[in-house]
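Q: Next come the chains, spelled out residue by residue.
Protein chains: 2
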Amino acid sequence: MSLKMYDLAGADPLLRFSPYCWRTKMALAHKGLEVETIPWRFTEKDAIASSGQGRVPVLLDGDKVISDSWDIACYLEEVYRDRPALFGSADAKGAAFFIKRWTEAVVHPALVRLIIADIVKIIDPKDVDYFRGSREKALGAGLEDYVADRDAHLKALHAALTPLRLSVKDFAFLGGETPSYADYIVFGALQWARCSSPQNLLPEDDPVAAWFDRLAQLYGGLGAKAPRPAAA
Amino acid sequence: MSLKMYDLAGADPLLRFSPYCWRTKMALAHKGLEVETIPWRFTEKDAIASSGQGRVPVLLDGDKVISDSWDIACYLEEVYRDRPALFGSADAKGAAFFIKRWTEAVVHPALVRLIIADIVKIIDPKDVDYFRGSREKALGAGLEDYVADRDAHLKALHAALTPLRLSVKDFAFLGGETPSYADYIVFGALQWARCSSPQNLLPEDDPVAAWFDRLAQLYGGLGAKAPRPAAA
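Those protein sequence lines, which keep their order, are chains A and B.
Position one of the first sequence corresponds to residue 67 (my numbering), numbered consecutively onward.
Position one of the second sequence corresponds to residue 67 (my numbering), numbered consecutively onward.
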């Protein structure tokens with residue numbers, strides 16, 4: 067068994083910041099599966115052409131090629147069913163899908179408002195034109211203009227995280243007493259910010275920060291040990 | 067076995083509009099448990115004094131008295147464990163708790179902006195002073211002022227429902243292929259609006275409307291058959 071995974075990297079190959087790749091790395095660790103990660107940059111489309119699309123994560127499991135973090139989670143659950151479950155039941159999977167939609171529709175956009183101009187500073191020089199061009203077109207604004215008024219955007223992020231905060235005040239994880247794939251989905255979002263920006267976005271006394279730390283410490287500190295950019 | 071439940075009612079005792087009571091009624095139906103509902107008004111605190119608090123739902127199961135819709139769901143799951151599960155696993159329960167927090171922090175406030183002035187028209191006359199006084203104090207505004215600018219509030223509701231919309235486009239229920247307690251939590255919010263206001267808040271082609279209808283048709287049309295106020 068030899069698992070490999072294309073993992074988004076910055077100019078520094080140790081900076082691994084994709085929220086979707088973090089979901090997959092946490093899912094693999096949850097299942098106790100070792101993986102060799104291959105640093106990948108946005109413009110290296112040829113390297114993952116066998117997946118039939120242009121984004122990471124891409125997981126290679128023997129001769130199988132699986133893309134899309136959700137599909138990878140479903141694949142791992144099916145193929146490695148004798149290992150700890152990512153979804154304890156069909157309704158847990160359904161609810162995790164809702165949490166994925168919430169994360170992508172609410173949390174990711176709130177984070178983009180804070181970190182998008184930091185990301186462009188850490189990516190590989192060959193990715194910069196592609197990244198800036200595609201993101202500025204999508205956002206309809208220059209990246210630096212988009213993150214102006216940081217105080218308002220930080221307040222909006224904290225408001226957006228309210229349902230998470232109110233959950234993890236009462237339960238250690240979204241999965242209850244133990245972490246589940248739903249946790250890794252939301253963790254991926256905040257780990258994306260942690261590994262691409264030197265900003266600290268959560269007050270220390272925020273229950274979300276404590277929950278994030280619990281997840282970052284799992285699996286030998288997989289999340290906590292991941293390098294992040296130094297403050298300028 | 068004889069289950070009874072105090073259920074918030076309007077001046078017309080057939081109008082049953084509490085979002086929390088709807089969660090419990092759907093949960094009881096999911097478990098195939100019959101219940102006798104007792105119409106209750108906001109100011110009838112004495113009737114439910116044995117529950118040690120002043121809100122409904124209150125479930126009476128023999129000599130047991132259980133309040134709080136979440137605690138009732140956990141109670142039903144524990145005591146009636148041989149019947150269909152409300153939570154398929156521990157992580158499903160954790161995720162349902164997140165969906166509860168999301169519903170209460172995001173969906174309920176968006177609905178209050180649209181229906182609070184309608185609710186005061188259908189409640190029992192003896193409840194009106196209490197209801198208007200407590201809500202206007204909490205909201206810091208007159209109820210009619212609070213719902214002015216309906217177009218903006220409707221747009222905000224539709225935006226708030228985005229994660230749900232993106233989930234139920236791909237899955238029939240938040241529980242996946244079959245409904246779970248997480249569905250009933252969010253259903254309760256929209257059924258609250260349906261049973262307290264003559265407004266139709268969702269476009270017919272909204273996937274959320276189709277999902278709501280699927281839930282309303284369950285258990286012999288328990289939700290769909292519930293009376294609602296006529297348009298003025």
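What the hints contain is simulated information worked out from the structure, not anything from laboratory work.
Source: prediction; values computed, not measured.
Treat the hints with caution; some may be incorrect.
It does not matter which identical chain is meant; a pair holds if it fits inside one copy or across any two.
[Stated by the list, open to error] Computed list of lysine-lysine pairs in DSSO-like fashion (alpha-carbon distance at most 30 angstroms, straight line):
| # | residue 1 | residue 2 |
| --- | --- | --- |
| 1 | K291 | K111 |
| 2 | K97 | K192 |
| 3 | K221 | K130 |
| 4 | K235 | K130 |
| 5 | K235 | K203 |
| 6 | K221 | K70 |
| 7 | K111 | K97 |
| 8 | K203 | K291 |
| 9 | K130 | K187 |
| 10 | K235 | K70 |
| 11 | K192 | K235 |
| 12 | K221 | K111 |
| 13 | K291 | K97 |
| 14 | K203 | K97 |
Q: So which of the earlier hints does this model not fit?
A: Numbers 2, 3, 6, 8, 9, 10, 11, 12, 14 - these are the hints that the structure violates, sorted from lowest upward.
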